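> Here is how the chains run, residue by residue.
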Amino acid sequence: MKRWLPLVVFLVLVGFFAKGLFLNPREVPSPYIGKPAPAFSLPLVGDPARSFSPADMKGQVWLLNVWAPWCVSCRHEHGFLMQLEQARVLPVVGLNWKDKEREAAALLARTGDPYLAVPDDVDGRVGIDYGVTGTPETFLIDRDGIVRLKHIGPIDGTVWQDKFVPKLKELGA
Amino acid sequence: MIPELGHFALIVALVLAVVQGTLPLVGAHRGHAAWMAVARPAAQGQFVFTAIAFACLAWSFLVNDFSVVNVARNSFSRLPEVYRITATWGSHEGSLLLWVLMLAFWTMAVSIFSRRLPEDMVARVIGVMGLVSVGFLAFLLTTSNPFLRMVPPAAEGSDMNPLLQDWGMIIHPPMLYMGYVGFAVAFAFAIAALLSGKLDAAWARWSRPWTTVAWAFLTLGIVLGSWWAYRELGWGGWWFWDPTENASFMPWIAGTALMHSLAVTEKRGAFKAWTVLLALTAFSLSLLGTFLVRSGVLSSVHAFATDPARGAFILGFLAVVIGASLALYAWRAPKMITGGQFTWFSREALLLANNVMLLAALGAVLLGTLYPLFIDALGMGKISVGAPYFNAVFVPLMAPVLFLMGVGPLARWKQASLPDMVARLKWALAVALATGLLLPLTLDGFNAWAALGFFLAAWIALAVFEAFRDRLRHGQGRLPARLAALPRGFWGMQLAHFGLAVGIAGITVVANYETDRDVRMEVGSHTQLAGYTFTFRGTTDREGPNYHAARATIEVSRNGRQLFTLHPEKRIYNASGMAMTEASLHPNIFRDVYVALGEPLDEANDVWAVRVYHKPLINWLWLGALFLVVGGFLAASDRRYRLATARAGAEPGMAGKALGAQA
Numbered sequence: 001m002k003r004w005l006p007l008v009v010f011l012v013l014v015g016f017f018a019k020g021l022f023l024n025p026r027e028v029p030s031p032y033i034g035k036p037a038p039a040f041s042l043p044l045v046g047d048p049a050r051s052f053s054p055a056d057m058k059g060q061v062w063l064l065n066v067w068a069p070w071c072v073s074c075r076h077e078h079g080f081l082m083q084l085e086q087a088r089v090l091p092v093v094g095l096n097w098k099d100k101e102r103e104a105a106a107l108l109a110r111t112g113d114p115y116l117a118v119p120d121d122v123d124g125r126v127g128i129d130y131g132v133t134g135t136p137e138t139f140l141i142d143r144d145g146i147v148r149l150k151h152i153g154p155i156d157g158t159v160w161q162d163k164f165v166p167k168l169k170e171l172g173a
Numbered sequence: 174m175i176p177e178l179g180h181f182a183l184i185v186a187l188v189l190a191v192v193q194g195t196l197p198l199v200g201a202h203r204g205h206a207a208w209m210a211v212a213r214p215a216a217q218g219q220f221v222f223t224a225i226a227f228a229c230l231a232w233s234f235l236v237n238d239f240s241v242v243n244v245a246r247n248s249f250s251r252l253p254e255v256y257r258i259t260a261t262w263g264s265h266e267g268s269l270l271l272w273v274l275m276l277a278f279w280t281m282a283v284s285i286f287s288r289r290l291p292e293d294m295v296a297r298v299i300g301v302m303g304l305v306s307v308g309f310l311a312f313l314l315t316t317s318n319p320f321l322r323m324v325p326p327a328a329e330g331s332d333m334n335p336l337l338q339d340w341g342m343i344i345h346p347p348m349l350y351m352g353y354v355g356f357a358v359a360f361a362f363a364i365a366a367l368l369s370g371k372l373d374a375a376w377a378r379w380s381r382p383w384t385t386v387a388w389a390f391l392t393l394g395i396v397l398g399s400w401w402a403y404r405e406l407g408w409g410g411w412w413f414w415d416p417t418e419n420a421s422f423m424p425w426i427a428g429t430a431l432m433h434s435l436a437v438t439e440k441r442g443a444f445k446a447w448t449v450l451l452a453l454t455a456f457s458l459s460l461l462g463t464f465l466v467r468s469g470v471l472s473s474v475h476a477f478a479t480d481p482a483r484g485a486f487i488l489g490f491l492a493v494v495i496g497a498s499l500a501l502y503a504w505r506a507p508k509m510i511t512g513g514q515f516t517w518f519s520r521e522a523l524l525l526a527n528n529v530m531l532l533a534a535l536g537a538v539l540l541g542t543l544y545p546l547f548i549d550a551l552g553m554g555k556i557s558v559g560a561p562y563f564n565a566v567f568v569p570l571m572a573p574v575l576f577l578m579g580v581g582p583l584a585r586w587k588q589a590s591l592p593d594m595v596a597r598l599k600w601a602l603a604v605a606l607a608t609g610l611l612l613p614l615t616l617d618g619f620n621a622w623a624a625l626g627f628f629l630a631a632w633i634a635l636a637v638f639e640a641f642r643d644r645l646r647h648g649q650g651r652l653p654a655r656l657a658a659l660p661r662g663f664w665g666m667q668l669a670h671f672g673l674a675v676g677i678a679g680i681t682v683v684a685n686y687e688t689d690r691d692v693r694m695e696v697g698s699h700t701q702l703a704g705y706t707f708t709f710r711g712t713t714d715r716e717g718p719n720y721h722a723a724r725a726t727i728e729v730s731r732n733g734r735q736l737f738t739l740h741p742e743k744r745i746y747n748a749s750g751m752a753m754t755e756a757s758l759h760p761n762i763f764r765d766v767y768v769a770l771g772e773p774l775d776e777a778n779d780v781w782a783v784r785v786y787h788k789p790l791i792n793w794l795w796l797g798a799l800f801l802v803v804g805g806f807l808a809a810s811d812r813r814y815r816l817a818t819a820r821a822g823a824e825p826g827m828a829g830k831a832l833g834a835q836a
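Protein chains in written order, with our numbering: chain A, 1 to 173; chain B, 174 to 836.
Calculated directly from the structure, the hints in this document are not laboratory data.
Source: prediction; values computed, not measured.
The reader is advised that the hints may include incorrect statements.
[What the hints assert, rightly or not] From the structure, some residues in chain A lie toward chain B, with a derived Cβ separation under 7 angstroms:
no., residue
1, P6
2, F10
3, V14
4, F16
5, F17
6, K19
7, G20
8, L21
9, R75
Ideal placement from N, C-alpha and C gives every residue a C-beta, glycine not left out.
Please model the entire structure based on the sequences and the hints provided.
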């Protein structure tokens with residue numbers, strides 16, 4: 001039945017593509033795992049007089065979520081972060097990355113704010129320290145300020161269950 | 174108001190596309206003339222409304238309407254006017270709109286230039302193209318609306334990617350898309366033939382000029398992209414085997430195979446199933462290319478739309494279009510009775526060998542491009558496949574194709590004589606072998622790759638000469654008149670083949686004999702490369718319309734004689750803060766002298782890292798590619814296609830019957 005062969009080959013390819021859509025080619029093992037989260041101090045969106053530094057979070061297990069108002073995938077992720085916030089799972093800090101148009105405050109006011117604090121990394125320098133290649137990226141940081149997990153791409157229920165929950169159990173949080 | 178008008182026009186275009194994709198197909202199936210007649214006006218209407226939508230988007234860019242998200246993200250008030258217009262297709266949404274516009278354009282062209290085709294064929298072709306259009310318009314409107322507004326409007330745009338601010342980039346995407354989408358015509362003809370069950374040679378003749386034109390556009394698009402990368406990326410490379418480049422190269426290889434296979438199907442009625450499959454493959458690979466680039470499945474510098482919803486939509490669409498057409502092919506394949514007996518040494522056999530090897534090369538590129546995805550999807554880790562793989566696999570697979578290129582055009586259909594061929598080509602073979610063996614010795618010692626390249630280039634060029642001699646042998650009259658009397662199809666083919674010889678010579682020389690140097694230069698210091706002396710005269714500040722630049726002055730001399738001055742720049746774009754290297758080059762037919770400014774090493778004293786390149790024969794590459802393009806257009810304009818369509822129109826089905834009888 002060699003006339004069916006092209007179709008069969010194509011369907012196998014489609015299978016790979018479908019799987020590929022949910023993989024991230026840029027997700028390479030992060031050199032930050034097991035290292036202290038790089039220090040920084042940035043003003044907060046909406047309240048530039050105050051600033052945020054990872055040292056403020058000592059003693060807590062928390063997420064550093066790198067996002068941007070111009071990022072489409074971050075909008076998909078936003079709903080899940082709101083659920084985390086409502087269930088008070090753990091504190092989430094939202095690093096506002098390269099927000100040149102200054103849209104973050106208005107956007108959060110409109111769609112809801114899942115973050116404990118939103119440090120404003122307008123020129124993306126802190127992003128460079130964290131090796132950010134795109135948004136969203138999320139770092140799980142433990143009580144001692146050590147990076148335990150890095151996830152590239154939006155978090156949803158599945159990613160959370162598969163990747164974050166086991167790690168959180170390990171950390172006893 | 175204008176963006177809303179554009180949005181509305183796009184919705185109307187979708188409605189028309191739905192009409193175009195349904196009524197004519199049903200009409201053709203049932204023999205309902207009135208329904209079939211809907212095809213042309215629907216296609217033309219769709220083009221008009223898509224064009225209105227495109228014009229509205231271009232207008233929004235031109236007048237800096239930053240309340241449109243797409244404009245705010247991809248343009249900038251101080252961007253020069255021409256780039257504000259080209260920014261229209263610089264974004265994901267805009268480039269898809271361009272895709273749809275091109276598809277509508279090709280469909281309209283079919284609706285105009287098909288007056289002499291049977292009505293049911295036209296209805297099916299236009300209907301199939303309408304269905305493709307429905308998918309893309311729905312994709313635009315549901316996931317990638319280019320007319321989305323934001324409240325409040327942005328005060329200023331975030332600027333176009335500086336890399337795209339180049340005139341090579343102005344015309345690269347439209348040409349590329351003309352090619353990609355042009356294969357939709359051959360695809361639609363093949364599907365129409367499968368649907369009607371009339372798998373005679375007529376559809377091959379009809380789709381031949383369309384395929385050749387699309388191929389010529391695709392060639393032009395790919396070359397413009399390569400030429401842009403060469404000048405703009407600042408490190409002198411011209412092909413990177415990047416997934417996005419491969420995405421455009423794969424349809425090109427399939428299209429090349431299709432053009433040659435169509436020739437056999439048209440003239441001899443052979444390879445019918447194979448040709449149909451190639452027509453489906455060429456367009457499928459265009460769609461696949463769109464998917465790979467637009468979905469971000471493969472990591473690539475170009476993949477700027479990493480959004481799973483978009484990827485899922487295109488993949489679903491891809492699965493439906495390609496899956497359905499391959500299923501249709503499998504279902505109808507038994508009806509394709511292949512005709513035309515031929516022996517192992519004949520033009521058919523040589524073209525078949527050409528096709529098989531082209532497809533093998535295509536498979537190698539496809540495998541290399543998708544391999545990282547396969548490995549990742551199977552959970553076996555993350556790898557990347559780079560240029561060494563592609564070069565190691567592609568060159569050996571292409572070498573036999575290029576060798577056969579010399580023989581094929583001289584071989585007769587059905588049965589050629591090997592002793593006769595040897596007698597005619599032995600001088601060419603001897604000269605080409607001598608060139609391959611001796612030329613590298615005069616340059617830089619013997620090198621097997623260079624020898625192979627020179628041999629093939631000389632061989633193809635000499636075979637072109639021999640082909641002309643063969644054609645002119647029996648003519649009468651003066652030489653210019655006899656040359657002018659040769660059909661355009663012959664001229665086009667020979668010009669394209671000769672262009673390939675020129676291009677291979679260029680690639681061989683630049684790949685094996687280019688030299689470069691990375692040096693630290695302070696004001697007044699010199700460096701030497703390939704006999705040229707480069708003197709750094711420092712930098713000055715220059716204000717561009719939307720950037721500021723450090724502009725270096727580098728004097729180039731040879732043997733103490735001042736030749737020319739180059740001004741490479743390092744630009745910082747105001748809006749994005751992105752740094753860009755603007756290389757400066759001095760071209761001539763034998764070489765490019767290419768200078769790029771690296772990083773400032775000591776700004777106070779004006780000390781810079783500077784890269785200088787000597788690129789011998791690089792321009793032969795672009796010249797050869799230009800011959801390919803011109804050859805393609807020339808061949809497509811051959812008057813026998815117009816005569817053939819006229820004949821087919823007068824006696825529908827006759828051509829097919831005649832060929833059937835032959836078989």
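> Identify whether the interface hint at F16/A stands, where standing means a beta carbon of chain B within less than 7 angstroms of its own.
OK, holds: F16/A within 7 angstroms of chain B, min 5 angstroms.
> Verify the interface restraint on G20/A: the C-beta must sit less than 7 angstroms from at least one C-beta of chain B.
At about 4 angstroms, which falls below the 7 angstroms cut-off, the nearest Cβ of chain B leaves the hint on G20/A intact, so it holds.
> Holds or violated: is the Cβ of P6/A closer than 7 angstroms to a Cβ in chain B?
holds (5 angstroms)
> Per the CB criterion, is R75/A less than 7 angstroms away from chain B?
Result: violated, 10 angstroms to nearest chain B Cβ.
> Under 7 angstroms, Cβ to Cβ, is where F10/A needs to be relative to chain B, so tell me if that hint holds or is violated.
holds (6 angstroms)
> So, K19/A near chain B? Judge it on the closest CB pair being under 7 angstroms.
holds (4 angstroms)
> Can L21/A be said to touch chain B, with a Cβ gap under 7 angstroms?
holds (5 angstroms)
> At a threshold of 7 angstroms, is the proposed contact between F17/A and chain B supported by beta-carbon distances?
Hint holds; F17/A Cβ to chain B Cβ min 5 angstroms, cut 7 angstroms.
> Would you settle whether the hint for V14/A is holds or violated, based on the nearest Cβ-Cβ distance to chain B being less than 7 angstroms?
holds (5 angstroms)
When each numbered hint is compared with the structure, a violation occurs for hint 9 only.
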